[in-house]
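Novice: Counting in full-length UniProt numbering, the final residue of the sequence shown is number 570, and the numbers go up one at a time with none missing.
No wet-lab data here; the hints were simulated from the structure.
Heads up, a few of these hints could be off.
[Unchecked claim] Lysine-lysine pairs mimicking DSS-like chemistry, simulated, CA-CA at most 30 Å apart: (1) K138 with K180; (2) K167 with K180; (3) K494 with K234; (4) K501 with K544; (5) K101 with K116; (6) K326 with K353; (7) K198 with K241; (8) K321 with K353; (9) K167 with K272; (10) K393 with K172; (11) K366 with K272; (12) K353 with K297; (13) K393 with K434; (14) K434 with K326; (15) K270 with K101; (16) K457 with K366; (17) K241 with K366; (18) K172 with K162; (19) K461 with K395.
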Amino acid sequence: MAEAANNVVETINGDCHDFKSLLSSSDRDFLVRNNGDQVKIDSLKGKKLGLYFSASWCGPCHRFTPNLIEVYTELSTKGDFEVIFVSADEDEESFNGYFSKMPWLAIPFSDSEARKRLDEPFSVMGIPHLVLLDENGKVLTEEGVEIIREYGEEGYPFTPEKIQELKDLEEKAKKEQSIKTILVSRSRDFVVTSDGSKVPVSELEGKTVGIYFSASSFKPSAVFTQKLAEVYSKLKENGEKFEVVMISLDDDEESFRQSFGAPWLALPLKDKSCEKLARYFELSTLPTVVIIGPDGKTLHPNAADAIDEHGIVAYPFTPEKFAELKEIEKASEATQTLESVLVSGGLDFVLGKDGAKVKVADLVGKTILLYFSAHWCPPCRAFTPSLVEVYKKIKEKDDAFEVIFISSDRDQVSFDEYYSGMPWLALPFNDARKSSLSRKFKVQGIPMLIALGPTGKTITKEARSLVMAHGADAYPFTEERLKEIEAQIEEMAKGWPEKLKDERHEEHELVLTRRSNYVCDACDENGQVWSFYCEECDFDLHPKCALEKETKTDAKEGWVCDGEVCTRAS
Numbered sequence: 001m002a003e004a005a006n007n008v009v010e011t012i013n014g015d016c017h018d019f020k021s022l023l024s025s026s027d028r029d030f031l032v033r034n035n036g037d038q039v040k041i042d043s044l045k046g047k048k049l050g051l052y053f054s055a056s057w058c059g060p061c062h063r064f065t066p067n068l069i070e071v072y073t074e075l076s077t078k079g080d081f082e083v084i085f086v087s088a089d090e091d092e093e094s095f096n097g098y099f100s101k102m103p104w105l106a107i108p109f110s111d112s113e114a115r116k117r118l119d120e121p122f123s124v125m126g127i128p129h130l131v132l133l134d135e136n137g138k139v140l141t142e143e144g145v146e147i148i149r150e151y152g153e154e155g156y157p158f159t160p161e162k163i164q165e166l167k168d169l170e171e172k173a174k175k176e177q178s179i180k181t182i183l184v185s186r187s188r189d190f191v192v193t194s195d196g197s198k199v200p201v202s203e204l205e206g207k208t209v210g211i212y213f214s215a216s217s218f219k220p221s222a223v224f225t226q227k228l229a230e231v232y233s234k235l236k237e238n239g240e241k242f243e244v245v246m247i248s249l250d251d252d253e254e255s256f257r258q259s260f261g262a263p264w265l266a267l268p269l270k271d272k273s274c275e276k277l278a279r280y281f282e283l284s285t286l287p288t289v290v291i292i293g294p295d296g297k298t299l300h301p302n303a304a305d306a307i308d309e310h311g312i313v314a315y316p317f318t319p320e321k322f323a324e325l326k327e328i329e330k331a332s333e334a335t336q337t338l339e340s341v342l343v344s345g346g347l348d349f350v351l352g353k354d355g356a357k358v359k360v361a362d363l364v365g366k367t368i369l370l371y372f373s374a375h376w377c378p379p380c381r382a383f384t385p386s387l388v389e390v391y392k393k394i395k396e397k398d399d400a401f402e403v404i405f406i407s408s409d410r411d412q413v414s415f416d417e418y419y420s421g422m423p424w425l426a427l428p429f430n431d432a433r434k435s436s437l438s439r440k441f442k443v444q445g446i447p448m449l450i451a452l453g454p455t456g457k458t459i460t461k462e463a464r465s466l467v468m469a470h471g472a473d474a475y476p477f478t479e480e481r482l483k484e485i486e487a488q489i490e491e492m493a494k495g496w497p498e499k500l501k502d503e504r505h506e507e508h509e510l511v512l513t514r515r516s517n518y519v520c521d522a523c524d525e526n527g528q529v530w531s532f533y534c535e536e537c538d539f540d541l542h543p544k545c546a547l548e549k550e551t552k553t554d555a556k557e558g559w560v561c562d563g564e565v566c567t568r569a570s
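Make the full structure from the sequences, and use the hints.
Specialist: Structural data, given as C-alpha cells:
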C-alpha cells in the first residue's frame, strides 16, 4: 500500500502518470461498475481518463453529474474515454445510491486510503472536481468541470489546443454574430412555439429579437413575464417586426410551459444551447432580455428594466432610444416629489404602528428612508436592529425624519412578525406600489435603503452603507453632510503617526488605515474609521490602544503625549 502511494506522488510530480500506480493498491488491481463487476485497471491503457471527485451529499455535484453523464454517453461510441468516480461519501449506502446512477467506473468505496490519497496531488480543494488526463497519463487540465459545462462533448479530446480552438471560434462568432449563429446549433435550425411547432430560425432574420432568459420558478421572472407579454402583444398589434425567443432555465415541462406568457418562441426545453447562450451573453441576473437588432448584432445586453419601467415606449431598444429614456428619467427625477413617489391612484397612505393610515401628504417636508427588506433575508434581519438604533437617535434630534418599511415578505404572518420589531411606518403587505418602487429605484437585492430629501427628491440610494459606516451621524445623508464627516475624520487623525511599532505585534509595522468596522486585537472592542493595521496579519489596534501604549513608553513624568504632541499633565 505504501509503495502504491509513493508511486502516485512520484508520477504526479512527473510529466505523466501510470494509471495502475495511480488507481490501484497493494491488494487491488481493479475498478468497479455499479453492478459490482470488476474491471482490470490494465484495460484503461490507451484511453483518456476523467477522475471525477464527487459525493452524494454535494448539491453542486448533483447538478453537474447529469452534464457529465450526457457527455460520457456521447463519447462512449469512441471507445477511448473513461471516467473514474473518486467518492467523498462517508458511508457505503450513500456511495452505492449515488454510484448507481453513473455509467462509468469507480474506486471501490472500501478502499478509502486509495480514494483519499488522490486529493492532495490533484489539488482537490472542493467538489465537484474533474481532472482530465490523456492516454499517456498526462494531466490535460484540472478544470474539467468548467470545460464540460462550457463545451460539453465538443471539448473532446480536451487538449489545450482543442479548447483554444473552441475559444477562437467563439470569438469569431461574436465578431460575425447573426441571429443564426446565436440560435442555430449543429443538430437544430429551428425554435419552437408553445404547442411544440417548429419555426425556422431563418424567419427571424431582419427582425428585432429579444432573447429572454427566464425561470418561472423564480418569482421576479414570473412577474416580469406578464409585463413582457403585454409589451409583446402591443408591439405585435402595432405591426412591429419584433419577436421574443425564450431561453428557459427551468427543469421540467410544466414550468417551461408557464414561461410562455405570450405566443412567443423558445429554444426546446433543456436544449444544449441554453447554457451556452447564458455563458455567451454573460448572464448574471434574471430576468434578462438581450436585444438583437435586425442585423443580428447585440443592441442591448439587458433591456428588462427598460421594458418593466417604460413598456412599449422603450422600443426599438436602440442606443438612441435608451439615451432618450435617460433624459426622460432625468426630467422625472428633477420634478420628483414625495407624493409622486408614494401616491398611486387611491393609494395615498402608509401604515402607522397602530395600524392607522398615515397620509403621504402629512410626510411632505420630511427626510424619508425607504427600507426594502424582508423577514426571510438574513442580512436584513442583521441590519434592522442597527437601523432601529439609528432611527431612535435621529428622531430624538429631529422629528422631521421617518422610515417606511417596504416588505418583500411572502405572507402576512411573516410581515407582521418582522414589522412588530420596527418603530416606523410601512407600506401595507402586498401593496401594489411595492413593484413600481422596486423598478423606480432598481432594487436588485435587499436590504436596500433609499434616502429622499424634504423636497421628495432622491438624495442617495446608498443610505445603508452610510448608516453602517457612520450611524446616526450620517443624517441627513446629503453630499454636504458626507463632506463634513470626511473633514472630521481627517481632523481626528491629525498628529497621529502614519506608522508605528507595537510590542503586541512585533512582526510588522502597523499602518494608520481607514477601516469601516473591526475588532481591536488589544482590547477586543469594536472599532471603526481608523485603525493601526497590519494587512498581512489582519491585526488591528484602536488608535487609543496604540497611542496609549506610545504615551506610556515615550512620556516623561508630568507630561502626556498624544501622537506627535506632548503637553503638561494637568
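Novice: Holds or violated: K198 and K241, Cα atoms, limit 30 Å.
Specialist: holds, 19 Å
Novice: Would you check the hint for K326 and K353, treating anything up to 30 Å between C-alpha atoms as holding?
Specialist: violated, 38 Å
Novice: Are K434 and K326 close enough, with their CA atoms no more than 30 Å apart?
Specialist: Given that 30 Å is the threshold and the Cα spacing comes to 22 Å, the pair holds.
Novice: Hint check: K241 vs K366, CA-CA at most 30 Å. Holds or violated?
Specialist: violated, 48 Å
Novice: For the pair supplied as a hint, K167 and K180, is the alpha-carbon distance within the 30 Å limit?
Specialist: Between K167 and K180 the Cα gap is close to 19 Å, so the pair holds against 30 Å.
Novice: Regarding the pair K393 and K434, is the alpha-carbon distance no greater than 30 Å?
Specialist: holds, 27 Å
Novice: Taken at face value, is the distance from the CA of K395 to the CA of K461 at most 30 Å?
Specialist: holds, 21 Å
Novice: Within a Cα-Cα threshold of 30 Å, do K321 and K353 meet the stated pairing?
Specialist: violated, 44 Å
Novice: Are the Cα atoms of K393 and K172 separated by 30 Å or less?
Specialist: Violated, because 60 Å separates the two Cα atoms, which is more than 30 Å.
Novice: Has the given pair, K494 with K234, been kept, meaning a C-alpha gap of at most 30 Å?
Specialist: Not satisfied, since the Cα-Cα distance of roughly 64 Å exceeds 30 Å.
Novice: Are K101 and K116 close enough, with their CA atoms no more than 30 Å apart?
Specialist: Holds, at about 22 Å.
Novice: Within 30 Å, alpha carbon to alpha carbon, are K353 and K297?
Specialist: At roughly 53 Å apart (the allowed maximum being 30 Å), K297 and K353 break the hint.
The structure is inconsistent with the numbered hints 1, 3, 6, 8, 10, 11, 12 and 17, although it conforms to all the rest.
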